[in-house]
Structures are given as C-alpha cells and as structure tokens.
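Novice: Sequence:
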Amino acid sequence: MSTVTAENSQQLFDRVVHRIAPVWPLDSFVAVNPYWGFADQPFSKVAVQLQGTIGERVIMDRRWYADLLQNGKLNMVDILQATEDLGLDVDEEGWREYLRDSSELPMRLPRLPELMDLRGHASVSRYVVEQISHFLAAYYDRGQSLWSFPKDPKLGLFGTWRQYTLVDRSLGPMGLKPVRSLLLALSSNGAEARQWALRTVGIPQPAEEAYLLALLKSIGGWASWCRYLLWQAELQGGSDEDLLDLLTIRMVWEALLRQTAQPKVLERWHRQIQAWIIDDKSADMEDARRGEVLLRASEIAYRRQVATSIRRQPAKKKNSTAPLVQAAFCIDVRSEVFRRHLEGVMPTLDTIGFAGFFGVLLDYRRQGDYAARTQTPVLLNPGVHVVEQGTKAVIERRFRRLRRGAEWKHFKLSAASCFSFVETAGLSYVGRLLADTMGWHRPSIPPDEAGLSAAERATLQCVLPESLTLQERVAMAEFILTGLGLNRSVAPIVLLVGHGSSNTNNPHRAGLDCGACAGQTGEVNAKAAAGLLNDPQVRKALVDNGWDLDPRCCFLPALHDTTTDRVEILGGMDDPRLDAGLLTELQQALEKAANLTRLERMLRLEPDVRDPETVARNMVYRGRDWSQVRPEWALAGNAAFIAAPRWRTREMNLAGRAFLHDYDAAKDPDFAVLTLIMTAPLVVANWINLQYYGSIVDNQRQGCGNKVLHNVVGGTIGVLEGNGGDLRIGLSEQSLRDSNSGLQHEPLRLSAFIEGPIEAMDRIIDGSEALGQLVNNRWLTVIQIASDGSLFERRAAGNWVKM
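Under this note's numbering, the residues of the sequence shown are numbered 56 to 858, in order.
FYI, nobody ran anything at the bench for these hints, they're computed from the structure. Keep in mind that the hints are not guaranteed to be accurate.
[To be verified] Cβ pair distances, simulated, as ranges: (1) Asn244 / Thr446: 52 to 60 Å; (2) Pro205 / Pro228: 23 to 31 Å; (3) Pro812 / Glu185: 49 to 57 Å; (4) Met858 / Pro606: 54 to 62 Å; (5) Gly797 / Pro591: 51 to 59 Å; (6) Arg235 / Pro520: 49 to 57 Å; (7) Gln643 / Gly601: 49 to 57 Å; (8) Ser158 / Ala330: 17 to 25 Å; (9) Pro520 / Gly780: 43 to 51 Å.
[Stated by the list, open to error] The list that follows gives simulated cross-link-like pairs (lysine to aspartate or glutamate, EDC-like), each with its CA atoms no further than 20 Å apart: (10) Lys232 / Asp172; (11) Lys100 / Asp295; (12) Lys128 / Asp144; (13) Lys647 / Asp680; (14) Lys206 / Asp295; (15) Lys464 / Asp196; (16) Lys722 / Glu533; (17) Lys100 / Glu263; (18) Lys206 / Glu296; (19) Lys447 / Asp503.
Think of the CB as a built atom: it goes at the ideal place given N, C-alpha and C, for glycine as much as any other residue.
Required output: the full structure, derived from the provided sequences and hints.
Specialist: Next comes the structure, spelled out in structure tokens:
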C-alpha cells in the first residue's frame, strides 16, 4: 500500500505530468519530440521504461535491422563498431544469433480495466477512454459544435467531469451503475480526489509512478493537449491545472473500478503487479542496449555518407567575386534541394540558411480576426505584436464577406435547414463539386486569403508597430543581419524566402508549413524583416553603427511553396534602386530551379513521370486534389543538421535530408550566434526528427494512424481516428509510407555537424540544461567539423572522438 505523504504525493504527480510531451492544435500544428519529458534519462533506459510500463516501442524491432543487414543497407562492421562505442561485449556470431531470434516483449505493468476486460465484461478499458474523450471533446470545443458545453470556471476540469459523469446514462449498459453513487460521495475538489484515489487504488509504492504514468498514457492524446495548455501557461510565467485534473479523472476511474471489480479480478491484479515489481529487468535492459547498438550502427552508416562528402570539399572557400544576389531560406530540409539547384543555375547568387522566422519574434493579427496568431518558434515568446495594415474600405469589405460566410455556414449546419437545404439548393453546388473533384481550382481558400480578392490582398501590408522605437528597430535589424551572417559584402538584392505549403482537405496542413513560424507560412516574417531592413531610418542608423550596407541594396520578401516549388516574390519589385536586368535574371533562375527541384522531388512521388511540364502540372494538382493523402513528403527523411559556412556544403547533394544553417565562426567572436543556433534551431530540428522517429517506431501511440479515417474534433484541437477513442497525435501513416507501404523516412536520431571550436560547443552544451540532456543521454549526436574538414564526435561522457 502507498504510504507517501500529501507533500510527497504532489511531487509524484508533478513528475508524472511533466513526462508528457505537448501537442499543438491543428491551426498551429508543429512537430514535437514525443520523448521530451524523458530527455533527462538515457535513451535505452527510457526504451525499457516505456516498453515495460505501457508497451510503447522506442526502438525498431530487431527483425527490421536483420532485414537491413540481409539487404546490404547495414553491415556487420558498423554493428561491431557501435557495440564497442556503447561498451557492450558481443561478437559477430553473437549478433547473428541475436538477429535470428524473435523479440521477447518485457512484462507489462497490468492495469485494472484490462483485467476486467478479460473476465468477460464489455470492454471496460475502451469505455473509460471513450467516456473521458467524449467529455473532453465537448469541454474544449473551439466552435465546431453548434451547442457549447456548459462550464463553471470554479469547478475546473475535474469538477466538471464529475458533474458530467453523474448524469451519464452510458454507465448502466456497461454494468457500472454503482459508480454513480460512489462518485456522488466524492469531493469535487481535484486535489482531495487525487489523494482519495491514490489511497483507494492502493498501488504498491515501487510501482506508483509507473502506474500513474500508465494511467495518464492510456488517454495520452488528451494528456498531450492538456500538457500544451500547461506549456503555454508556463511560457507566460503562469500555470494550468488541467493536466493534473486529467490525471485525477483517470485515477478516480481506476479507484471506482477497484470498488466495483470482482474479488478474483482484484486478486489477480495484485499478483500481477507484485510480479512486475520483482521481475528481473536486466534482460530487458540488455535487449534495449542491443537495440540502441543497431540504431547507432544505422546512424554510423548514414554519417559516413555525409562525412565523406564533407571531406571531399575544399579546406577553405574558393576565391570568388561578391555575389549579386543573396537568398536566405529557412533551414527546412525541403529548402536544401531548391538552394542547391538555384545556385547551380545562377552562379552569381549565394544562398543562406537561417530559421524561417528570420529573427523576428512576432505574433500577428489579420484584419478580420479577433485574436493574434504566433509566428515564432514554440520554444520562445513573441516580443512584437503586428497587425495587418490596409485601407479602411478593403478591411470593411473583408469583414462583411467573412461575416456573411460564417452566417451562411451556420445556416447550412443548423437543425432547421439540414434536410431542406440539400433538397432546395443542392443542385447549385454541382459545378463546384465537379471543379473540386477535377482539381480545376483550390477547394479551400487559405485563411490569409479568405474574404479578399487577389488585388485586395496585394494592398495589405505587414509592418512593425509604430510603438517600436528607432533604437529597438535597429537592434532587431542588427540581430537579423548577424544571424544571416551579413556582416560585410551585402549583395544588391537580398531575398528573404519564407515557406509554406498548398494542400487541401488536410487537417494537419499547418504541419507542412514553417515550424519556426509556429505552423504558419513564413510570409509574415519575411515581409516584416524586409520592411524593417529597407526602412531608411534604420538603414542610416545601421551604416552609422558600422554596417557595410550598399545604399542600392534591396531586401525582398518571398515565399517558397513546398508543394509546387514555386517561389513568389511578395513585393518591393517597384523599388527604384533595383537593377531591372538583375531582377529579371533572378526570376528566371527561380523558375529554372523550381523545374529542377520538382523533377528531383517527383522521383519520390511519381517516379514514372519525367516530362517537366507534366511534373509541374501534377505538382499543382496534388495540392488541389481533395483526395490526395500525400501532397508532398514534407520533412520525411530528415537525418542531419549542418551549421557551417555555405561553401562547405555548396557542392554537396544532401538529398533533402539535412537542415542547413549557415554559420561562420570567424564572424562570431563571442559565439553568441553559435549559442543561439545550438539552443534554438538545433533543438527544434531535434523535435522534428524525433517526431518522425516516434511516429515510425510506434505509430499506434506516437502517430495518428490512417489519415483517411481522421475526424476533426473541437474545431482546431486535433483528430480522432474514426468516431471515437483517444485524441491522436503525431504523424499519419501516409506521411511516412508510400502506397506500397515502403518507408519514406528512415528512423534515425539527428546527427548535428557543426563547424566551430570544441571548447565553445562544450560550454554551450554544459550551459543549457535542455541541450545537455539531449546530447548526454544520446537523443542527439553532435559532431565537430574542424577547419581542415576532419570530424570529431562528442560522446555522452563529454569526450570527443575522431571519426
């Protein structure tokens, strides 16, 4: 039985809830490291813990690696090297025998509802998840439901659930009618209910934390949503009790079931928990360590490809004339392909890699919206509030159109018109249905364009607020220029290229947009940064501060559509300082690069289509086709992060698998830029990498299943697979596999290649708790690129080993 005090139990509850990783809503969906709450523990230890507690897989099955070995994609030399690196004592024959045997799953911690299922009940464990999920979908609804759920803020999440369950008529058919009277006697105070549930369930102390984690993970999708609410509150210096209340709900359900379960079920449950506690887990740990060896061997094979390319590059930059154009792209892996082809067709152009928010930490409110949206990496708080600017007439017309559209939609969905509307107006939609099906136009209008004609949209501007002082504007501009590495020799044209995706009928469309802009396109940030850097007052102050900026230099915002690979310059082309001939050459180069990029990307989408015009047409159609479940592969395949001068990687074909961030240590004497890169973009890249990794390794728990079966819940909260169950998180199967079930993403942890001094990197890793945990616990590997091109890997113990 539990003997912990109330104070100790609160620490226990806090540890459990902070093991959960957050999930962002659909309208700002970003990739998240699903193991973020476990980053303080070594990789293999977490694998054992999650597999033994809830059955969650963290490492691919050994049969996966056996197939790789058989197919020649993995070799025994790398396995033996990884064995030595991780300190295991296994020879080649031992590995071959291990890979021939089938996996033995660890003993799982038993939960009471699962044992009640085995006694012939209707699925109690499934019912508990369904009951909680239905309640939470109504409680958190963001406007999808026509009738809002009545909520009393004083009750909180747990108190509201208690009231809901007291009148829930589904308890009777499940044979759980006694639950109502037991719940009636229970306090509506969440803290009191938690203590009661902990005492009533009576989990043995050695299994307490694991059991509570298993309870919360049984409703893990909604737990991640509540963790998001807590994350947002903590960013603002506050707190949120909903995740604790959700844990309370799940604990109370367990306690109620304990009081209604048959004695034989309880006896069996106690026996299995005791068996789990005394079970020797050394074999499970050994299996996990072997699994990590196989994973590391796969990573060694990939790193060797990158390392070979790096060593082939010149030891220093070739002499060249100053570029006529500099184009800054997001570090997103999709940009690598376009940058490579753009530099190939326009040798007088240099590309730059920088996080797609371009150093402008802002939130943005469109005209017609009542709330602002964040356009900043989710790890950071926005510092500037931007409102879309336009003429009064345009703004009023947009308001009227949006209001009419909302009223018409409400009418169509209302109970009064649900049948009569189809009978009277259904035929008028035939033309649109045909056009949507044939892909003649976009079935859905992007939110930024809703209520606007193309001409009206062109008149709207994104400018920084007048409340910012000149000093603050100059500081922002210097931060942007420093991050971009534009300390000297700035070209006459500097293109700031954000990115977004064009697709339809896709609840997770924000996941294809810019993660550094919180799941939005980079358009707003590119426009804001370009406007700031073109501001005459700011430019004069920058020159006064010693910045080498040619008076003719123009910063132009642009947007890269990663579905069609079209790059559109968003404004500034009427600037009299621009060289018209150079601008024309740039536009032609962008189109040529788009054609080459589409041809390369089409090899993964439709390999039989090779005609450039057909490829371009098919790419556009994929973004308009409302039945298309794979409009693009997004960041599937990501495996590396490279922070180095562009000349180091310019001749390399990284196949769209690397996050490319420009960094020149010679321009960073105090390593402030390196610190920013390693503690922000690198961590975001790790989140993306492990989101894909987790969704591959265990899609049932860390992915969202079959996209075809998705139903949106709560307006923008998330999706269910089918009509019930837990909220689904992570990536769908269609985002990871082709139509033949072939994987488009190789499950590897991120390898970060950084050209900078070892001493500086050590200080940054040691000075950042989050980064230090990721590196030291083997969730991420950091590799130094020395000035001569040699490579050194940082091991978990803090030592550097030559590759």
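Novice: If a hint holds in the structure, say so; if it does not, say that too.
Specialist: Structure-based check of each hint:
no.: 1; hint: Asn244 / Thr446: 52 to 60 Å; result: 54 Å, holds
no.: 2; hint: Pro205 / Pro228: 23 to 31 Å; result: 25 Å, holds
no.: 3; hint: Pro812 / Glu185: 49 to 57 Å; result: 56 Å, holds
no.: 4; hint: Met858 / Pro606: 54 to 62 Å; result: 47 Å, violated
no.: 5; hint: Gly797 / Pro591: 51 to 59 Å; result: 55 Å, holds
no.: 6; hint: Arg235 / Pro520: 49 to 57 Å; result: 55 Å, holds
no.: 7; hint: Gln643 / Gly601: 49 to 57 Å; result: 36 Å, violated
no.: 8; hint: Ser158 / Ala330: 17 to 25 Å; result: 20 Å, holds
no.: 9; hint: Pro520 / Gly780: 43 to 51 Å; result: 45 Å, holds
no.: 10; hint: Lys232 / Asp172; result: 17 Å, holds
no.: 11; hint: Lys100 / Asp295; result: 30 Å, violated
no.: 12; hint: Lys128 / Asp144; result: 23 Å, violated
no.: 13; hint: Lys647 / Asp680; result: 25 Å, violated
no.: 14; hint: Lys206 / Asp295; result: 16 Å, holds
no.: 15; hint: Lys464 / Asp196; result: 17 Å, holds
no.: 16; hint: Lys722 / Glu533; result: 13 Å, holds
no.: 17; hint: Lys100 / Glu263; result: 18 Å, holds
no.: 18; hint: Lys206 / Glu296; result: 15 Å, holds
no.: 19; hint: Lys447 / Asp503; result: 17 Å, holds
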